[in-house]
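Undergrad: The numbering of the sequence shown is my numbering, which starts it at 432 and goes up by one.
Don't take every hint at face value.
What the hints assert, rightly or not - Below 20 angstroms or equal to it, Euclidean Cα-Cα: the simulated EDC-like pairs (lysine to aspartate or glutamate) are:
no. : residue 1 : residue 2
1   : Lys466    : Glu523
2   : Lys529    : Glu468
3   : Lys526    : Asp509
As the list claims (entries may be wrong) - Derived Cβ-Cβ restraints for the label pairs, each shown as a range:
no. : residue 1 : residue 2 : range
4   : Lys513    : Lys533    : 26 to 32 angstroms
5   : Lys513    : Met436    : 19 to 25 angstroms
6   : Met516    : Gly460    : 15 to 21 angstroms
7   : Glu468    : Thr496    : 36 to 42 angstroms
8   : Ile503    : Gly460    : 30 to 36 angstroms
9   : Thr496    : Ser473    : 31 to 37 angstroms
10  : Glu469    : Lys513    : 17 to 23 angstroms
11  : Asp433    : Met516    : 50 to 56 angstroms
12  : Gln463    : Val505    : 33 to 39 angstroms
13  : Val505    : Ala480    : 15 to 21 angstroms
14  : Thr501    : Asn479    : 29 to 35 angstroms
15  : Glu472    : His506    : 23 to 29 angstroms
For the record, the hints were derived by calculation from the structure and aren't laboratory data. Heads up, the beta-carbon is just placed ideally off N, CA and C, and yes, glycines get one too.
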Amino acid sequence: MDQQMQAFQIIAKAGDAFSKQMEAISLAGDNQFEKAEELLESAKEDLNAAHQVQTDILTAEAQGTPMETTPIIVHAQDHLTKAMMGDFFVREQIKLYKRIEKLENK
């Protein structure tokens with residue numbers, strides 16, 4: 432697979448993951464925690480797929496197949512980083528929504 436296709440795979444999968452993460456926050460804000468968790472699991476699968484492509488790129492580089500740094504690969508890395516950070520922050524936000532819901536129902 433060529434470099435540009437790898438970059439587009441990362442962008443697509445990381446973008447899908449991030450979209451699902453944002454939808455999960457919305458659902459959790461409406462106390463729909465089960466649906467939010469399901470979306471987060473699906474987002475994690477997308478994130479893992481994007482991360483695997485990144486790992487393949489890094490492995491090839493380590494084995495002597497250099498990758499040219501292009502704007503599209505940098506853009507792909509930005510998407511992956513955003514989605515990886517999103518995973519952490521969305522999970523933390525959902526914890527807060529759960530605490531709020533619990534306190535409101537006391």
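Undergrad: Evaluate each hint against the coordinates.
TA: Against the structure, the hints come out as follows:
1. Taking the CA atoms of Lys466 and Glu523, the gap is near 16 angstroms; set against the 20 angstroms cutoff, the hint holds.
2. At most 20 angstroms may separate the alpha-carbon atoms for a hinted pair to count; Lys529 and Glu468 meet this at roughly 12 angstroms.
3. A distance of roughly 26 angstroms separates the Cα atoms of Lys526 and Asp509; the hinted pair therefore is violated under the 20 angstroms criterion.
4. One distance hint, 26 to 32 angstroms for the beta-carbon pair Lys513 and Lys533, holds here, with the actual separation near 30 angstroms.
5. Evaluation of the 19 to 25 angstroms hint for Lys513 and Met436 yields a pass: the beta carbon distance comes to about 21 angstroms.
6. Here the CB-CB span from Met516 to Gly460 is close to 19 angstroms, well matched to the stated 15 to 21 angstroms.
7. Glu468 and Thr496 have their C-beta atoms about 39 angstroms apart, which keeps the hinted 36 to 42 angstroms range intact.
8. Distance hint for Ile503 and Gly460: a CB-CB separation of about 34 angstroms, consistent with the stated range 30 to 36 angstroms.
9. In this structure the supplied range 31 to 37 angstroms holds for Thr496 paired with Ser473, their Cβ-Cβ distance being about 32 angstroms.
10. Checked against the hint of 17 to 23 angstroms, the C-beta distance between Glu469 and Lys513 comes to roughly 22 angstroms, which is consistent with it.
11. The beta-carbon spacing between Asp433 and Met516, approximately 28 angstroms, falls outside the hinted interval of 50 to 56 angstroms.
12. Between Gln463 and Val505 the CB atoms are about 36 angstroms apart, so this pair conforms to the stated range of 33 to 39 angstroms.
13. Remark: the range hint 15 to 21 angstroms for Val505 to Ala480 is upheld by a beta-carbon distance near 20 angstroms.
14. Thr501 and Asn479 have their C-beta atoms about 24 angstroms apart, which leaves the hinted 29 to 35 angstroms range violated.
15. Checked against the hint of 23 to 29 angstroms, the pair Glu472 and His506 passes, with Cβ atoms roughly 26 angstroms apart.
Checked against the numbered hints given earlier, the structure breaks hints 3, 11 and 14 and satisfies all the rest.
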